[in-house]
Amino acid sequence: MSTLTKKQKKELIRIIISLAIFACLMIAEHAGLLPRTKSARPFIVIAYLVPYFLAGYDVLRKCLKGIANRQLFDESFLMTLATIGAFGCGELEEAVAVMLFYQVGEFFQSYAVGKSRGAITELMSIAPDFANRETEDGSIETIDPDDIEEGDILVIRPGEKIPADSTVIEGEGLINTSALTGESMPRSVSPGTQVISGCINGDNLLRVRADKSYDDSTVMQILELVENAASKKSKTESFITRFARYYTPAVVIGAVFLAFIPPLLSGDFAGTFGTWVLRACTFLVISCPCALVISVPLAFFGGIGAASRQGVLVKGSNYLEMMAAIDTLVSDKTGTLTEGKFRVSSVRTHGDFTEDEVLRFAAAAESGSSHPIASAITEACEEKIPQSEIRDEENFAGKGIRADVCGHSVFVGNRGLLKDHGIDVPEEGAAGTCCYVAVDGAYAGLIEVADMPKPEAKQAVSEILASGVRKIVMLTGDSEETAKITAGELGISEFRAELLPQDKVRIVEELLKDAGNGDDPKRKLAFIGDGINDAPVLSRADIGIAMGSLGSDAAIEAADVVIMDDNLLRIPAVIRTARKTIGISRMNIAFALCVKFACLVLGAMGIANMWAAVFADVGVAVICILNSMRMLTTGRQ
Amino acid sequence: MKKKFKLIDLDCANCAAKMEDAIKKIDGVTDASVSFMTQKMMIEADDAVFDRVLDEAEKCIARVEPDCKVVR
Numbered sequence: 001m002s003t004l005t006k007k008q009k010k011e012l013i014r015i016i017i018s019l020a021i022f023a024c025l026m027i028a029e030h031a032g033l034l035p036r037t038k039s040a041r042p043f044i045v046i047a048y049l050v051p052y053f054l055a056g057y058d059v060l061r062k063c064l065k066g067i068a069n070r071q072l073f074d075e076s077f078l079m080t081l082a083t084i085g086a087f088g089c090g091e092l093e094e095a096v097a098v099m100l101f102y103q104v105g106e107f108f109q110s111y112a113v114g115k116s117r118g119a120i121t122e123l124m125s126i127a128p129d130f131a132n133r134e135t136e137d138g139s140i141e142t143i144d145p146d147d148i149e150e151g152d153i154l155v156i157r158p159g160e161k162i163p164a165d166s167t168v169i170e171g172e173g174l175i176n177t178s179a180l181t182g183e184s185m186p187r188s189v190s191p192g193t194q195v196i197s198g199c200i201n202g203d204n205l206l207r208v209r210a211d212k213s214y215d216d217s218t219v220m221q222i223l224e225l226v227e228n229a230a231s232k233k234s235k236t237e238s239f240i241t242r243f244a245r246y247y248t249p250a251v252v253i254g255a256v257f258l259a260f261i262p263p264l265l266s267g268d269f270a271g272t273f274g275t276w277v278l279r280a281c282t283f284l285v286i287s288c289p290c291a292l293v294i295s296v297p298l299a300f301f302g303g304i305g306a307a308s309r310q311g312v313l314v315k316g317s318n319y320l321e322m323m324a325a326i327d328t329l330v331s332d333k334t335g336t337l338t339e340g341k342f343r344v345s346s347v348r349t350h351g352d353f354t355e356d357e358v359l360r361f362a363a364a365a366e367s368g369s370s371h372p373i374a375s376a377i378t379e380a381c382e383e384k385i386p387q388s389e390i391r392d393e394e395n396f397a398g399k400g401i402r403a404d405v406c407g408h409s410v411f412v413g414n415r416g417l418l419k420d421h422g423i424d425v426p427e428e429g430a431a432g433t434c435c436y437v438a439v440d441g442a443y444a445g446l447i448e449v450a451d452m453p454k455p456e457a458k459q460a461v462s463e464i465l466a467s468g469v470r471k472i473v474m475l476t477g478d479s480e481e482t483a484k485i486t487a488g489e490l491g492i493s494e495f496r497a498e499l500l501p502q503d504k505v506r507i508v509e510e511l512l513k514d515a516g517n518g519d520d521p522k523r524k525l526a527f528i529g530d531g532i533n534d535a536p537v538l539s540r541a542d543i544g545i546a547m548g549s550l551g552s553d554a555a556i557e558a559a560d561v562v563i564m565d566d567n568l569l570r571i572p573a574v575i576r577t578a579r580k581t582i583g584i585s586r587m588n589i590a591f592a593l594c595v596k597f598a599c600l601v602l603g604a605m606g607i608a609n610m611w612a613a614v615f616a617d618v619g620v621a622v623i624c625i626l627n628s629m630r631m632l633t634t635g636r637q
Numbered sequence: 638m639k640k641k642f643k644l645i646d647l648d649c650a651n652c653a654a655k656m657e658d659a660i661k662k663i664d665g666v667t668d669a670s671v672s673f674m675t676q677k678m679m680i681e682a683d684d685a686v687f688d689r690v691l692d693e694a695e696k697c698i699a700r701v702e703p704d705c706k707v708v709r
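The listed protein sequences correspond, in order, to chains X and H.
Using this note's numbering, read the first sequence as starting at 1 and increasing by one per residue.
Using this note's numbering, read the second sequence as starting at 638 and increasing by one per residue.
These aren't lab readings, by the way, just hints derived from the structure by calculation.
Since the structure is predicted, the reported quantities are computational estimates derived from the model, not experimental observations.
Treat the hints loosely; a few may be bogus.
Unchecked claim - Mimicking DSSO-like on lysine-lysine, the simulated pairs with C-alpha atoms at most 30 Å apart in a straight line are:
#	chain 1	residue 1	chain 2	residue 2
1	H	Lys-677	H	Lys-706
2	X	Lys-115	H	Lys-639
3	H	Lys-696	X	Lys-10
4	X	Lys-65	X	Lys-9
5	X	Lys-232	H	Lys-639
6	X	Lys-232	H	Lys-640
7	X	Lys-419	X	Lys-513
8	H	Lys-677	H	Lys-661
9	H	Lys-662	X	Lys-10
10	H	Lys-706	X	Lys-10
11	X	Lys-115	H	Lys-677
12	H	Lys-641	X	Lys-315
13	X	Lys-580	H	Lys-677
14	H	Lys-696	X	Lys-38
15	H	Lys-661	H	Lys-706
16	X	Lys-454	X	Lys-341
17	X	Lys-235	H	Lys-662
18	X	Lys-232	H	Lys-661
19	X	Lys-471	X	Lys-419
20	X	Lys-38	H	Lys-640
21	X	Lys-399	H	Lys-661
22	X	Lys-212	H	Lys-643
23	X	Lys-7	H	Lys-677
24	X	Lys-458	X	Lys-315
25	H	Lys-696	X	Lys-7
26	X	Lys-580	X	Lys-471
27	X	Lys-232	X	Lys-513
28	H	Lys-639	X	Lys-580
29	X	Lys-235	H	Lys-643
30	X	Lys-232	X	Lys-580
Chain X with its partners taken away, still in its complex shape:
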């Protein structure tokens, strides 16, 4: 309970005292301890008024102010009217109970909402409070992060937050990026590494040069996104606010009719008026739409918070809502589904050569080259031949390379290169990019190089499909052949290959039609890309998802959903979070409406009394809030 604010503590004490007095009075009355004579009645009324005023004086005050401001339909007014009505009808217990439990509910609401806010501001704790700037004479001054200028030298002590996006100039160590990426593995940094604001420094002192001012740094962008997310309302939220606007006046008018029409029709106005006024009062108690108006945005707020804990920034409640309704997921291949980097996928040997030998010879011959394929081969080779054994390197542009390795003449390159030099190469069907290797004029084997799918890609694809996405379409500029292999490996049934960048928008538009956009606006199309070359496609899709965007302004700008690291498993995770959010808010809407309407009908018939009405108002609100609060713990590690 240490999280209670001063105001809340005062409220709580007030509620407990009035509850105690009320309980004493009720026990006394039911035990027959109170005199039932007519002359004692005014004293009993006054006795009941004590807890009533103690619990509800602020409601009454707000009501009076509301009347002065002509805000007739606010909840204080309705509660006051209902309780005064009950008092007027002589239902003392009910009147006090309604006020008391209304206050209990209000208290609970403010506690729960405060707690949720706390959970979100925890996220905001990525914002640094200060920065240590090194001045020209070498001393260190503590400054406000706002005062950081580009080029400033900053000193970050162990455990401190990096205040602005910067480059390390001195010091090595590990930094914790989990607050931004949800990734628990620390990242190692050394001079020259770019570090992102909001990360927490490990155990070593770092000296860095600020690349950006605080305002332009990642942390600020993220904070702004999260804050703005609440103002981009989902359809569910707008529906609720629209509904609330009509619901309250409608119920109040209903209450007025209920108080006057039946007594007038019955012919015995004076005799039945009291009963109907009391029933009208139950209407007033139910008329506040609070449960819905609080719990639905709370669920979305929690959902966005949960997504950010998973390292995914969702730019608005509306996008979270759409994430739950993805029908088609279009993905870029290179750099998104694959690593965007060549790696050796297989080595085939010929004659007496072993795989290891083929790789070693090829790596040695290629050691001087900076071609991406060459670096893939040198990286794959574990036991390298010393540089002193490699001589007479010769480059054949577009074909390959030749070198003397340990006295052997080695050719590495395409088929043409080997043929040109009179080396016989057997026909071998291979799909990816191949490097043929020959040693001393004899064909030794081939090394297949490919852009490998990310290790988690296959699992991510199956999880996405399992989460209810109808199909995944892969787009790539690569050859049909290569695309087919990658798609097959990942379990993606549909792909479009050999695309030029401008083709992507056209294809996304075609797929948008196919996804039922237009006829069925509920089925959405999402596009995943690296966010750098895909800006037009990202904005054309219903939801643009950018991957690996930590520190890339362009991507954060263009996308609707930003995945901070490049882990594909975040996508099914955020789809699940979105589904859960929608599920909870629908559950709340259905539950609250059912209870309220049931209570209205039963109240009109005189079956549900004021106690039931208090439950329909406060109880439902509390239950809905608790339900929404489940979102706050989602995705916590």
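Given the coordinates of chain X, work out where chain H should sit on it, guided by the hints.
Same frame as chain X, but now just chain H:
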């Protein structure tokens, strides 16, 4: 110009929705939002009339919830 303000003692979600409605109707406001969850108000209006808009917005807020204060 788009500016954000903190709201103190914004206690009810329905009130936030009512405030938002009222502020949007002020002459000169291009966009506005009142977020109950973040306890913040965002107003977008022309620079020339911004001060007047803000004063009017404050009045709207006071009408809906008298205890709620805008931090300028």
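Indices of hints not satisfied (ascending) | Violated: hints 7, 9, 14, 19, 20, 21 and 28.
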